Amino acid sequence: MTRPLISVENLTLRFRTDEGLVTAVNDVSFEIAPGEVLGLVGESGSGKSVTAKSLMMLNAENSVYDERSRITLRVDDREVDVLSLRRPREQMIIRGGAISMIFQEPMASFAPAITIGEQMVEQLLIHSEMTKTEAREISIEMLARVGIPEPAQRFGQYAFEFSGGMRQRAMIAMALSTKPKLLIADEPTTALDVTIQAQVIELMKDLVDEFHMSILFITHDLGVIAQTADRVAVMYLGNLVETGTVRQVINSPAHPYTRGLLNSLPKLDDLDAPLTPVPGDIPSPLDRPSGCVFHTRCPEFIGDVCKRQIPQTTVDSASHEVACHLATQGDSA
Amino acid sequence: MSEVLIAARELSVHFPLRGFLIGERPVVRACEGINLEIEKGHFFGLVGESGSGKTTLGRAMLKAAPISHGEVVYSDSEVTYDLGTLKGPELKDYRKRAQLIFQDPYAALSPRMTVRDIIAEPLEVMGLTSSREETDRRVREIAAMCRLNLEHLRRFPHAFSGGQRQRISIARALVSDPKFIVADESVAALDVSIQADVLNLLNKIQEESGITFLFISHDLSVIAHTCDFVAVMYLGQIVESAPTRKLFAETAHPYTKALLSAIPSLDPDAQSKAQKLEGEIPSPINPPPGCRFNTRCPHARERCRSEVPEWREMSSKHHVACHFAEELG
Amino acid sequence: MTDTAAIEGTDAKLDQKRKEAYFTASQGQLIWTRFKRQRAAMIGATVLVLLILSGIFAPFLTPYDPTIAGRNPDYQNGAPNIPKFWDENGFSFRPFIYSYERYRSIETNFRWVTKVNRDKRRYLVLFPEGDKYTLFGMKFSTHLFGVDKGKIHLFGTDGTGKDIYSRTFHSINTSLAVGTIGVLIAFVLALIIGGVSGYYGGWIDSVLQMITDAVRTVPAIPLFMAIAAFIPATVSSEGRFFIISIILGFIGWPTLARRVRTHLLTERNQEYVLAAQLCGARASHVIRRHLLPSFTSYIIVDLIISFPYMVLSETALSFIGLGLKEPVNSLGVMLQNVTKADVLLNYQWNFIPVIFFIILVLAFVFVGDGLRDAADPYSETSK
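Chains as they are written, first to last, in our numbering: chain A, 1 to 333; chain B, 1 to 329; chain C, 1 to 383.
Rather than coming from a laboratory, the hints here were simulated on the basis of the structure.
Note that the coordinates shown come from a computational prediction; the quantities given were computed from them, not determined experimentally.
Here are the computed lysine-lysine pairs in the BS3-like style, where the Cα-Cα straight-line distance is at most 30 Å:
1) LYS40(B) to LYS317(B)
2) LYS120(C) to LYS149(C)
3) LYS63(B) to LYS96(B)
4) LYS179(A) to LYS276(B)
5) LYS307(A) to LYS19(C)
6) LYS179(A) to LYS205(A)
7) LYS40(B) to LYS267(A)
8) LYS205(A) to LYS257(B)
9) LYS267(A) to LYS317(B)
10) LYS276(B) to LYS205(A)
11) LYS84(C) to LYS149(C)
12) LYS267(A) to LYS257(B)
13) LYS115(C) to LYS84(C)
14) LYS17(C) to LYS307(A)
15) LYS340(C) to LYS325(C)
16) LYS267(A) to LYS204(B)
17) LYS325(C) to LYS132(C)
18) LYS276(B) to LYS267(A)
19) LYS317(B) to LYS276(B)
20) LYS246(B) to LYS267(A)
Could you put together the complete structure from these sequences and hints?
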């Protein structure tokens, strides 16, 4: 049983704002094994991006981590307590070293006035001991590997000369050039056309196999998750409501929110089925419901216990976790 | 008994690019040779990726984009308008009958106006009501239809979530009693669990009032569930159009097939079907010659590179623009 | 909207009221709420209001007429008289100052010397009758304070015996008035030129921008020197005052115009503007209902931030003698006297007005900054 690559335990993150302390992530725990793709699914306000940024300590200065929160990274036979890293030199291992990140909007991630090649080389020079020539060679190799035609020529071009899909590939190339153990992909295909999205997903799956890399894949698109992820974690308003393998969560969802989400999706194999939205609106993070955070919209609301008590996470024999009072009461898992 | 409400014939919309003083100005061929007929009471879907020209086509049908060639003709039980020559009081009248719902619920509502004023604005601008009471009554009527809480009418947009703002947008589009509404990516910016809510609302409105909708989206599964009829666009041209069921059951055009297979399935065990497209979408400034899809089509042959395919009817109401549609079927 | 989970107790009710207020608050109210939270800005605003009021009510607050008519020939270049409560002669509830006499002294080769007589006290009185003045069109002669005999000079006097304290407060009034007129003129010009430029775009925009840039690059001081040289000496000081204000306005509009244009260019592409146009709204409706309100808050910020520049420009001009002249009173005019070494070394109280002006300019800057932060659109929610 291999030790997990990264463990997140009781991660609670609040932001200091004019309106007071706003909870963005509430007591979230999960693990990612080496070579595994974990999908983090949620809508707006779910806290998925904030959780991912915590792994790289990228959250804004007004963020307050709870003292019980721990993020442990296991790499090169040592354990790194991520939240305790303070100095930039220490933080380098999580920023571009063992962990890399790609974002939704690739145009915003590349500096517009520097060529793509220069940025990739800069990344390599920071994280390794190679020379500029070696870095250049490796970068061009990576550009070719992600399917960019004429990589040597593209190396000297600027971000605006690339199309959307190619920019995303270039970003993947840049993120992978340091051979990270964990790639965090924050909505990488949301801004892409669906035919381009299919290409990029294919690419990422190949790379996982080739580099034996883990991916934390953040998205709101359950279809993409079904095709790429091994395991899925579902978040709602800062809480983790369900975790399991992709088949468990999609084929037999245990939490009412997951069920509602899956039901609200238009499915191509049944054009007659009515679209059933999840009732109500997502509450604002300033207005977090008490007890179970989903109770204000839950179609399977069972009464006071949902309003008053935060549900415990129950795990069944197949490691399918869910945080719901229905499950605690001995019903289906 | 089908009546065509609005039809485009050989419609082209070109945008000249600014900034070139000498030589020929490059032109963005946003729409080229569009032939489209939308029947009354239909929920018509227009699907395409970026650069397909779907937004431009929608705007052209509202006379919010210039018509460079061809024509768009609107015809309801009262009037008939040729949008190319429409101006003056007739244009004002058309504006009552044809409205637009925007994509971005955050940008489409003026942050300085109360919800009541936002919904009332078309009434005031078009002079459709004669007194404040009448305006208020109409606003409340429409707000109730869109399931907006009447107490919220005096609030400002910043008080509402994305889904609610979109409903306000819809209310604003409905208030002038239009016959034709273009919904441009109206659910794309919403959370998934809310999308279904807004789509259901649109369908309900359509059933109750008989308004004809042109629903533009990049999401084929959303279109499949809500629309009676679908047209697929690629790089400024319509490549296939058919009633929804037929499009999915008897897909003819290679691009439509690729689009369908690119949608990630919710079944983790589904085998990834063939037809992954290679290459990037070309630029609409310099589209490929012949069939515009030939650079990425897995079945492209010589004829595709030189000859523009004809827009023809394959079977009842099923049109396609491909030289080899029957063979590939 | 979701209902809050546990609605019991007044706490939740207050919460609801607060939330409802937030939901029904217009942009203006939201900006004001955000502004109030910034301490520096609120302090600046309070100071600003106090200074403006003291400028308006200067004739009442100060004991003497700031012009030659109110000078004290017996106490020229006199040090500030600080009221005291206690000295070697005993304690007194009423604050007092010393009396002084002027005589020609042998030691200084028969130049005038002022001697302070510590035995003869002059007591402070409240609301004495003094020099007449006009305020809001009505004549008064009561001042806030004075002394029973002679004159009191809290900030001392200048070379001709004019009371610096009185002049300071009157000068605030003058500078603010010049600034206001200048800013108003600049604003009107900026609105017209920037507005046309931003709304129509295209070649109109290009041409107007070229003109704006040309005016912007003109160096201010030489231009002023040229224009000031043309103002005939026969023009009254009030007339001069207006001409200077107008000139300042004409020089100040390019920056404001550029801002107006930028605001308009952004706003006119907003989707809600397109929505209005798709209803057939005419340009006037769009401008009135959507465009103008959208940048009112920014323009107010711009106006407030332009103020200090106007004030400082006028000061600089008057200082070098090109702006206002006696008897019109402004900081620049007062500073005309301080370039002499004599003054710098011996009569430092002539610089006290400078402190007031620094405070005034800083107050404007803090308020402007605070307003700009409060009006910042990026602090509004996006998704």
